[in-house]
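Chains as they are written, first to last, in this note's numbering: chain W, 1 to 216; chain V, 1 to 105; chain S, 1 to 484; chain L, 1 to 669.
Everything labelled a hint here was simulated from the structure, so no lab data went into it.
Hints are not guaranteed to be accurate.
Stated by the list, open to error - Some chain L residues flagged as far from chain W (calculated, every beta-carbon gap over 12 Å):
hint, residue
1, Arg379
2, Pro401
3, Pro508
4, Thr629
Said to hold, decoys possible - Restraint-style ranges between C-beta atoms, simulated for each label pair:
hint, chain 1, residue 1, chain 2, residue 2, range
5, S, Gly26, W, Val179, 55 to 61 Å
6, L, Leu625, W, Gly113, 55 to 61 Å
7, W, Leu108, L, Gly658, 54 to 60 Å
8, S, Met1, L, Asp207, 44 to 50 Å
9, L, Thr629, S, Leu175, 15 to 21 Å
Glycine is no exception: its CB is placed at the ideal position from the N, C-alpha and C atoms.
So you can see what is in the structure, the chains are spelled out below.
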Amino acid sequence: MSFSAFLFYVLAAILLASAVRVVSARQPVHAALSLVLAFFTMAALWITLGAEFLGLALVVIYVGAVMVLFLFVLMMLDVRQTDKTPRWRLHLIPALAIGALMLLEIVLLIVDGVKTKTALPESAASMDKPLDNTRELGKLLFEDYLYSLELVGVLLLVGMIAAIVLTHRQSRFAKRQEVSEQIAVTRDDRLRVVSMPAEVEAEDATAHSPDKTGGH
Amino acid sequence: MPGLEPTLTHYLLLAAALLVISLVGIIANRRNVLVLLMAIELVLLSANLNFVAFSAYYNDLSGQVMTMFVLATAAVESAVGLALLILLFRRRGNIAVQTLDVMKG
Amino acid sequence: MPVLSLLIWLPIIAGVAVLLLQRVDGGRPSRWLANATAWLAFFIAAYVLCRFQSASAAMQFSERAMWIPYFGIEYSLGIDGLSVLFIGMNALITLLVIAAQKADSKGSYLAALLITSGLTYGAFSARDAVLFYIFFEAMLIPMYLAIGVFGGPQRKYATTKFFLYTLFGSLFMLLALFYLYGVSQTFSMQAWHHLPLSLYMQLILFGAFFMAFAVKTPMWPLHAWAPDAYVEAPTGAAIMLASTKIGAYGFLRLLLPIVPDAAQVLAPWMIALSLLAVIYFGFVALAQTDLKRLIAYSSVAHMGLVTLGFFLFNAVALKGAVLLMVSNALVVAALFFCADALKTRMGDCRLNDCGGIVNAMPWLATLLVFFAMANIGLPGTSGFVGEFLVILGAVGYQLGVGLLAATVVVVGAAYTLWMVRRLVFGPVTHPSVSALTDLGMRERLLLSVLAAAMLGFGLWPQVLLGMADASITQLLAHMALSKL
Amino acid sequence: MLALIPLLPLFAALFAGFFGRRVPRGWSHWVCCAAVGISFVLSAYALYKVVFLWPALGIQAEVVTLYTWLDLGSTKLTIGFLIDPLSALMMVVVTLVSFLVHVYTIGYMKDDPGYARFFSYIAFFTFSMLMLVMSDNFLQMFFGWEGVGLASYLLIGFWYTRPSATKAGMKAFLMNRVGDFGFIVGIGLLFAALGTLNFGEIFARVDELKGLEVSLWPGLEWSLLTVACIGLFVGAMGKSAQVPLHTWLPDSMEGPTPISALIHAATMVTAGIFMVARMSPVFEGSDAALSFMIIIGATTAISMALLGLVQNDIKRVVAYSTLSQLGYMTVALGASAYSAAIFHLMTHAFFKALLFLAAGSVIIALHHEQDLRKMGGLRHRMPITYWTALIGAWALVGLPPFSGFFSKEPIIEAARFAEVAGHTYAYWALTLGVFLTACYTFRMIFLAFHGEPRYGETSHGSHKSHKAHKAAHKEHHEQPKESPWVVTVPLIVLAVCSVFAGILFVQPVLFGDYFGAAIRGDYVAHPAMAVLHAEWRGIISYLLHAFLTPPLWLALAGIATAWYFTLVAPKAAGRLTHGLGAVFGVFKNHFYIDAFYERVMVRGTHSAASWFVRGGERFWSEGVLVQGTARLVHWGAQSLRYLQTGYLYHYAFAMVLGLLVLITLWGRN
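In isolation and in its complexed conformation, chain W is listed as follows (with noise of 0.2 Å):
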């Protein structure tokens, strides 16, 4: 056995432990560190597998900025688990159950498609390949796959203008300015003209004409 079948052997079954965690822990930030710890064994695995790139893009962005936005979250939010039902419990066994099944169809369909179709490579080409895996990425992204890329932009744009309007607050306490009505004030909207009987003595004026006081 080679070292990087070693490598793959341990990584794989650090992730798979790590995964595991996540969904069982009980405490959710423990969940959330074993995710960044499945984030982590990901990333090595892609590097293995060449993809250099996006191995670090995952730990930056996911382990660096999504990952830390889960704690915050977690942290903000003060959940407090009362659950005080045993870890394992009676709807796990459909669950457990779908999964295994799930599982023996996958690995039946992969192990069918590797013997029926042998054109598959059985060796990683990445051996082979240069490495400036990023240059390549990049031309391929900037040329071929331009209006994905814009539209996955307005796809983050989307969605991060979702995630404020979702969350903001309006303070009923803010004062702003807003600058469209300054804009758009008439004079009518300011200044009222008001006609007061001039020389009236005032029982006369109530007493007579109190629809006049009105404004013209």
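Fit chains V, S and L to the supplied structure of chain W, relying on the hints for placement.
Positioned in the frame of chain W, the structure of chains V, S and L alone reads:
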């Protein structure tokens, strides 16, 4: 059966195992929406592993481009998901999955 | 001049106008407009009847225009001997119903009646299947509202049941129409009369058409909507519902000529159902204590005799069935008017509570006894003609069928006479009966018109049959022609 | 002009019906009497033509078609008249009796608030009856048939505030409808076989019917002619009140007496007899039907005579007598002695109308008292009524030389010589019937007119009629006196007819060839009439011959028995009744037939109806079909609702499950 040397099949099997683990997590998780979101990240990750593995074995970088897109989408998804989570928490005071039954028929 | 279009759209447009005008000036203009429209439509229908060439079986007053060219759906109208009777009947019934409205009736109710009337003209004169279907279905809407808004205490239940039943039935007809279009690439009903179809397919189409028309007619066991709807509906709507024989007309126009072989095959079953309806509904009517409900069951029982006439495949019986349809429309309308006259005075018409109305209302009593006799089928009234011919045809078909059909002679007399005895005769049993006022001039006039029509058609039915004869003969020829 | 005969009464009826209440009372009866009177004159003229003018011209019958009622393509149903000896005779009888009853009514209904209405109804009845007897086809005959039924219904229920009257009216109509059921089926069979309803065409083609068979359902074949004839006869049974459809006739006595005379004795109830006679060519074809008729007729004759013995209501005695006599006529029909039946019909119309009108006269005199036990001794108070009633009774009993003798004797003889099954039974039943007839008739006469007056004992509570009270209270203790001339004149006219109708007409009608082709008997197969013809030696010898046959002696014995039990030893009657308590109980309860109808038929129908409502409508249609469907949909929706838990993990589970299924089904290849 595949040999000990890691081949494409190994990676695919690994991705499958990861997928199944995360699906079981989604189904079995009844306490925390946050963990649900994490499990979804794992699902996407397993898909990404397949993309990268195929990309490597077929020597075609398109797969890695797809992975990038998936990563971006996953980021958006977790951002919006977390925002919704925060809203949910503000409304109800907890984020336990089993209390979310307003859609009950 | 597009007479038929005028006949269809005049009441509909006027109905919409009535709806819009209903709040103007206490509703007086809307009532005036409704009356004027009913009269105008009546005169147009009278013109159609006068100009109708009764010797010909061909479609007359035809109008054709492409409507949806992609599917070949045409706005195609025309009437033959079968339709013309019901056009005339509808005009008469509409006029009477509208003219019978009191000064306080709501504009929206009048509008519903007018629109129903217009759509009924449409259904009777449509030659295109889609057009027929649309008129057939659209009639549901104003009727649904008229019952649901202006009906009796159980109106919501009754109108929902009515709507669901009818809609359910006609859904199958829609599928049948689509299938026929797929086979023939046309929606012209006349073209379908010559369409060859396998027996298997004919049986399926028979079932589909049967669902639609048996619900509407109604036939046992799809009748459950009818008594409730007739009873809960306001009188005008009940009359429009019961006197518009569109369900039975559907048998004549679509089912019998399009799938004659299936009709032949299934005729014994249909005859059994019809006989069951005749006897069963007769007995059920016997047990009724509410006048309107009794009338409803009586009408349904007579419709059993009509469907019996359809499926005997016999010229005499078929002619009898058509005449019975016309007669039953008149009789049911008249009896419902009587029930209404009683109900507006008494508050309800429980038979056991209001005996001896002859003491207080001799006019109503006289007319009611006359209508009862027409319902029994006494010779000299229109009710006799159809009943007699159908029984003659049934005896000719098979003695057993004839014997069972002839039981209507006894059973019909039993429930009608028992109703008369409880309601009309006897001493005054209830203090409110002696306080009743007799029919007013308008009610007397209305009922006399109906009585005169029954008497006239009973003494000289050739007037009616002469118009329809050529078309019935042609229909029989179609029915006899195998399409396998 | 022929059309005027029925139409004049119709117009009179319309006039009295629509305007009767607005014009003075007198107008109603003047118009109606005049119309029916003119009809009578015209009918008499028609008879004159038939008897005296036509034989010279060789005309057998005249057919007048008024208009085409319905054109069925294969045949035309028309409205028209067939004038032949049969219908001419009937027309005269109907219009004569009707005219006399109209006149009588002026006196009888004097104080009734429904005066104009009554005239309207009886004029309408006359119209319908004339349409019936004059018709030349089944359609019009059925029209008249039902028209007289309607008139009967309205007239029995004339005093509509009496529940018993309206009930009797309804019963009469329904019983007749049961008969019509058979009638219409019979018509239908003839129409199905021959395609026409016209009498002339049916008679011309009656031979085609022989050998035809009809199946009730496939596999059960009967002779068409027999089924059709029995169907038609069932119609006649309803109309002519034969056992077991007879129970309406005694109850119909709830109506005013004039209509009991006109409708329920003289004319309408004989419509069935007339119809069978009119159909004689058809009935001749079926021995089974003739046999059926003779048995039914004999049973009616004997059983109803027995019931007549125990009645105490004067009208009911006459009503049971009518039933019994109708049985005689039916036996004559069954014996193929159609002319004898029609002849008895005619004489019976006279003497039975006479008896009813006389009974009515007594009833008015006693202020609507109908109980024989409260009469007695009226002979001196009401001489005209007494003598006319006595003539009627003699005629009914069949004493020579009154009309009843000439018509009843041949019927008994015909039953003896007939060869259809059951004729011996019929002969003995009729012979015994003569004795019973004499018994009940003279019991009535003796109780009403002889002996000590018992009407003084009448109590206040026994009045049946509401309208009697007003007049009765004032003159309650006055002695009964003879009725006014409008009542007595019809009595006298009818008495004259009852005396002479037999002796004058028996020669031509019964033994001559008056009827010609109108009545066609098959004298070879059914020789009763032929034997009678052969034995006929003229009136005198016939009268003498009567003393050698049992009926006359039986009749005299009956009179003597009645005399003994009512006048000589009334206590003996009580002892006899007591001794034969069980038998008399059966008689008093009309053989329990009414009770059977009431308990079994009526209640059975009602319980069937309510069962249909509960089981059919409420449970099956409303419960199962409507509510059941609704509940099924509701239940389905409720069950499906549980799938929508609202929990994310369940939806996810379903998704994964779906994915699994997808992979399993389509994952490989």
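Structure-based check of all given hints:
1. Arg379 of chain L, annotated as away from the interface, keeps every beta carbon of chain W farther than 12 Å; the closest lies near 110 Å.
2. For Pro401 of chain L, the condition that its CB be more than 12 Å from all CB atoms of chain W holds, with the nearest at approximately 113 Å.
3. The Cβ of Pro508 of chain L sits about 109 Å from the closest Cβ of chain W, beyond the 12 Å cut-off, so the non-interface label holds.
4. With a minimum CB-CB distance of about 36 Å to chain W, Thr629 of chain L clears the 12 Å threshold, and the non-interface call stands.
5. At about 56 Å, the CB distance of Gly26 of chain S to Val179 of chain W agrees with the hint of 55 to 61 Å.
6. Between Leu625 of chain L and Gly113 of chain W the beta carbon distance is about 56 Å. The supplied range of 55 to 61 Å therefore holds.
7. Range check, Leu108 of chain W to Gly658 of chain L: Cβ separation about 18 Å, and the 54 to 60 Å hint is violated.
8. Under the hint 44 to 50 Å, the C-beta atoms of Met1 of chain S and Asp207 of chain L, about 58 Å apart, miss the expected range.
9. Checked against the given bound of 15 to 21 Å, the beta carbons of Thr629 of chain L and Leu175 of chain S, roughly 20 Å apart, stay inside it.
In summary, the structure is inconsistent with hints 7 and 8 from the numbered list given earlier, while agreeing with the others.
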